[in-house]
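Trainee: Chain residues, written in single-letter form:
Protein chains: 2
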Amino acid sequence: MKKAIVLLSGGMDSAVTTAIAINKGFRIAALHLNYGQRTQERELQSFEKLCDYYNINDKLVVDISYLAEIGGSSLTDSKINVLDAKLDNTEIPNTYVPFRNANILAIATSWAEVIKAQAIFIGANQVDSSGYPDTRKDFFDAAQRMIDLGTKPDTNIKIETPIIELSKKEIIEYGSKLKVPFEITWSCYRNNDIACGTCDSCALRLKGFDEAGIFDPIKYETRPKY
Amino acid sequence: MKKAIVLLSGGMDSAVTTAIAINKGFRIAALHLNYGQRTQERELQSFEKLCDYYNINDKLVVDISYLAEIGGSSLTDSKINVLDAKLDNTEIPNTYVPFRNANILAIATSWAEVIKAQAIFIGANQVDSSGYPDTRKDFFDAAQRMIDLGTKPDTNIKIETPIIELSKKEIIEYGSKLKVPFEITWSCYRNNDIACGTCDSCALRLKGFDEAGIFDPIKYETRPKY
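Keeping their order, the protein sequence lines are chains E and G.
According to my numbering, the first sequence holds residues 1 to 226 in order.
According to my numbering, the second sequence holds residues 1 to 226 in order.
Just so you know, the hints here were simulated from the structure itself, not pulled from any lab data.
What you were told as hints is all true, and nothing was included just to trick you.
Each pair may be met inside one copy or between any two copies, as identical chains are not told apart.
In the DSS-like style, the derived pairs of lysine-lysine whose C-alpha atoms are separated by at most 25 Å in a straight line are: (1) Lys158 <-> Lys137; (2) Lys179 <-> Lys24; (3) Lys152 <-> Lys86; (4) Lys152 <-> Lys79; (5) Lys59 <-> Lys79; (6) Lys116 <-> Lys79; (7) Lys169 <-> Lys86.
Everything numeric in this text was worked out from a predicted model, so none of it was measured.
If we strip away everything but chain E, and leave its shape as in the complex, we get (with noise of 0.2 Å):
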């Protein structure tokens, strides 16, 4: 049986890949990562629900907790605020953790060519997103040019990224046709407890369900229209 990695933070992106990646029939090494984020605690929380919920025994939770001390984004250091979402807004905000994608793939590609993994599946998305530059298909396609050139010559590891281009409405669509448990994932930026429902975060993800016409079955504190 194929055997991919998947990388599951335990938000709602990652979980809808996860269903994809059983669906094609690899069989599931979950990659989780704590990377001294404010809600790592909950995450976590998140990706053990998941692999109990998808029967995944092959998991590796990794601390780099070295991108909290290198700092530069506010879902690190604890003396940036994250700010309210502006859908509209060009700029990258101060939510995005330098190169922590790269850091992520690089991880995964390291125990992708121990375990012999064919594939690595992202849940990355350039449409519904922040506008984080390591999010993008032109990104993945020079990271599979880094994989192929830099692991042994008998390693063959491809990336897939199947929701890159997918609205998050299409994102909750498909995630809802695979009947992915959407009430265990986590997407909420700022909270532990109860997702804020402001951070950007928590709106791209409200707007969606709003789009897919389903009800996102998580709690918030509010819940506004976007």
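Place chain G on chain E using the hints.
Mentor: For chain G alone, coordinates are given in the frame of chain E:
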């Protein structure tokens, strides 16, 4: 003054690379990685001595011991033996740590983006090396593209590999000219006290010094002719 991050393992190549970066007028921020390798303690000691020697105060030591957890290399897995050097071997030796340099470059880029460094210097070498796939020029070209695409538009970070096309002999001659303190560097893969003289890394180093006609000032258990 322009700023550069140097990947400073404490080995000879990274020490020469540091000297080159200083010589080019950069203010140095030094990055060192502990990845659970056998000689972690000794390498860190050399890193600190080199930082003292070059008056580098901007230091970051990052723990990526997840690479040891992932395993797949004799450098990080005590159950796999570090073999004696076979310099004419065309196979990748078991000291290869899967995709290590990509992990290191990702960390360096995250840090560079936050401290606004314009360059990342890495002492990779594709000539007298062990044939690792992640030390070749085309790998760094791909990494450069990933950095250009995956960081903020106003970020401009250049990977510098000044010794990639030099032989070990030439690296030693260059370092000697720049008065690199070879006596405080560490290259051995096996030992933390006296270098073994027979692992791949010792063999390449000894051969280089021999060819340069310079005496390697560190102590060895044995000094074979290669």
